[in-house]
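Q: The primary structure of each chain is shown beneath.
There are 2 protein chains.
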Amino acid sequence: MKLIVLGADGYIGSEFMYRNDIHHDIIVVDNYYKRTLLGEEKITPLYDVPYIHEREWKCKKSFIDITDSSAVDRLIKNFKPDAILHLGEQPSAPWSMNGAGKATRTIDNNLNGTLNIIFSVLAHAPDAHIIKIGSMGEYGTPNVIIPEGWFDLDYRGRQDRLLFPKNPHSIYHLSKVFESDALAFACKTWGLKVTDLNQGFVYGTTSEARSRYCYDAMFGTSINRFIAQAVAGIPLTVYGKGGQTRGLIHISDSIKCLELALQNTPTAGQFVVANQLTEWKTINDIAAMVVGAAEQMAITATIEPIDNPRTEQEEHFYQADHSVMQDYGLRAIPINHALLMEQIDLVRFYKDNIKKELIFPMVKWSKRG
Amino acid sequence: MKLIVLGADGYIGSEFMYRNDIHHDIIVVDNYYKRTLLGEEKITPLYDVPYIHEREWKCKKSFIDITDSSAVDRLIKNFKPDAILHLGEQPSAPWSMNGAGKATRTIDNNLNGTLNIIFSVLAHAPDAHIIKIGSMGEYGTPNVIIPEGWFDLDYRGRQDRLLFPKNPHSIYHLSKVFESDALAFACKTWGLKVTDLNQGFVYGTTSEARSRYCYDAMFGTSINRFIAQAVAGIPLTVYGKGGQTRGLIHISDSIKCLELALQNTPTAGQFVVANQLTEWKTINDIAAMVVGAAEQMAITATIEPIDNPRTEQEEHFYQADHSVMQDYGLRAIPINHALLMEQIDLVRFYKDNIKKELIFPMVKWSKRG
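First to last, the sequence lines map onto chains A and B.
Mapping of the first sequence onto the numbering used here: residues 4 to 372, in sequence order.
Mapping of the second sequence onto the numbering used here: residues 4 to 372, in sequence order.
The set of hints was computed from the structure by calculation and includes no laboratory data.
A couple of the hints might just be wrong.
Repeated chains share a single entry, so a pair holds when one copy, or any two copies, can fit it.
Here are the computed lysine-lysine pairs in the DSSO-like style, where the Cα-Cα straight-line distance is at most 30 angstroms [to be verified]:
hint: 1; residue 1: Lys-80; residue 2: Lys-191
hint: 2; residue 1: Lys-359; residue 2: Lys-284
hint: 3; residue 1: Lys-191; residue 2: Lys-367
hint: 4; residue 1: Lys-83; residue 2: Lys-5
hint: 5; residue 1: Lys-80; residue 2: Lys-367
hint: 6; residue 1: Lys-80; residue 2: Lys-5
hint: 7; residue 1: Lys-45; residue 2: Lys-358
hint: 8; residue 1: Lys-83; residue 2: Lys-61
Treat the numbers as computed from the prediction; the structure is a model and nothing was measured.
Model the full assembly from the supplied sequences, consistent with the hints where possible.
A: Spelled out as structure tokens, the structure:
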């Protein structure tokens, strides 16, 4: 299979490549945008990871900016991919909420990248399968079960099958909603083939610490932050009441989902949506699990709720369908102490690199007087 | 009231100004983007209309590009408006579907303009009421009654109140969906005040022919095209089966809705959605009404279905709530022969200006092989 992997320098992209470089004819693409943002914010990950041009993957390498429509057009015209795995996004919700400039940069980067892919695929490789990674945060926290995109609506005595309305948590998530809407439109209107993945929080260590690990409040997820706090001997900062419930998936299962998506090409015009999570927990439960796993490693960790910097529901119903990937054959690993202990072990190895000041929230959602 | 009117050079914007310039302290804004597009496409409206700088409105005038964030920021910081009427958009569905360049220009112009308004209002005038004109075409043609934005969802035994999922007809409509989603997010997250208007096809003549009249297949609506065809003595080109049903509103009622929206400021954080239409008809029924009105003026018109250049349902259920404006006090004028005869009379006056070749569809939706 001729495959383009956009955003191969990231946490998921690089791990995907380590496991899949020999299975396909691949061009990886990254312009090191995430590294640029980390540099601007003076944030360092837990350890350095090699640049793509230093990695020994069996693939071609491209360093174009996917917001450059001509460059994307040339790439797709020349390579004519069978599939495109699109991970080339500004990935941080807090960064996107840190003022108008970063909000619009997030939307520009994420939406324009996806639009360029759509139009180049339409022109040069209309049968290519586009796989885009989104987030469960696009849905927000509705008081009903979250379906996998499509749902059967019964409204005032009539019925239709529509895409479930999303209610994103941040400008970052809003940008992802825009992308999903654009991709759904491209399927409906031009017959493109798209799989749209709404991913939960990804956690877990990659083998040999070869993918980037962010533990800061800007780019790290809550599990990564909690583990860094436990190892650094400072309290785990739960935002607000901690009843926020979020979908979870281990990095191994996340990569497995991408492989399964690649093996299941939609028909022309089909917009497949999968919720890429295997379970869900409250933030309080996640913090308690980290404390428990740390305890088994003789690390005493405590939890300290702080004012919630975000605008979000802190106590709510949560249930999300996730059978598409199960039907494709995913057999998920549920979160457990052993997996967390493996991650704690990695972080402890790099303990001296932890900068405590990076873990406390830097961005507040609400700026209105 | 201190009011900013964005897009005051357009059909609706200029008519609004003729009726409202003395009622408010207004800055009108337009960078003549629509005139630029008409020039690029070599399309001429039915008659010339004055430029804003030539119009004798009682207001200040600005010629900034609203996609320039610094310029929007200065405008809102200095004027501190009570309300912003946002009509500054690329308004054509076919233009937006005419290749990747025009698609992305449409999204850039429309979305970035709205984002700049959101962030400048948030920074400098957070109590300002933003009124944005969207389109009923954002909803598409669901098989259920279209609510006014918010709807009560009963799904698998649980309930929530959410925004109804949209299913836009074109890249232009998709750009409007993006804007609505961004505005809803701004209300929820930062407590802004927004009225989002989903307008049907606007028809009807403005007094003294002082607003632009497009009858071409790119920028003119179906009623305008049909009337130009009747006057020019060529068949009315119904696209496909003609069972496409669309909401309608007369220009006088459209302006009245804007005035009513201005009088009804949402509370902080409230996202008010109104469907700005007063009735709906199939394209076949609209064509037949034009033929009937023409007949009363001794003009013989015929209807000739042509292949549909668009990807859309040609026969479908249609019903849309529209009580918000009624509750505000709108008493609507239904479409009738007299109103159409008034419009036919205007077009007949400028009959020699009609270029028949502009009325036939220039853009096809589906380009996939």
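Q: For every hint, state whether the structure bears it out.
A: Here is what the structure says about each hint:
Proximity of Lys-80 to Lys-191 under the C-alpha cut-off of 30 angstroms is restricted to the intra-copy arrangement: shortest distance 23 angstroms within a copy versus 42 angstroms between copies. With identical chains, the CA atoms of Lys-359 and Lys-284 are at most 30 angstroms apart within one copy only, with a shortest distance of 25 angstroms there and 64 angstroms across copies. Taking the shortest Cα distances, Lys-191 and Lys-367 sit within 30 angstroms of each other only across copies (15 angstroms), while inside one copy they are farther apart (38 angstroms). Taking the shortest alpha-carbon separations for Lys-83 and Lys-5, only the intra-copy value of 8 angstroms comes in at or below 30 angstroms, while the best inter-copy value is 55 angstroms.
In this assembly of identical chains, Lys-80 and Lys-367 lie within 30 angstroms of each other by CA distance solely across copies; the values are 22 angstroms between and 43 angstroms within a copy. For a Cα distance limit of 30 angstroms, the shortest separation of Lys-80 from Lys-5 inside one copy, 13 angstroms, qualifies, whereas the shortest one across copies, 52 angstroms, does not. Taking CA atoms no more than 30 angstroms apart as the test, Lys-45 paired with Lys-358 passes inside one copy only; the shortest distance there is 11 angstroms, against 61 angstroms between copies. Within a single copy, Lys-83 and Lys-61 get their C-alpha atoms as close as 19 angstroms, which meets the 30 angstroms cut-off; across copies the closest is 58 angstroms, which misses it.
When the structure is compared with the earlier hints, no violation turns up for any of them.
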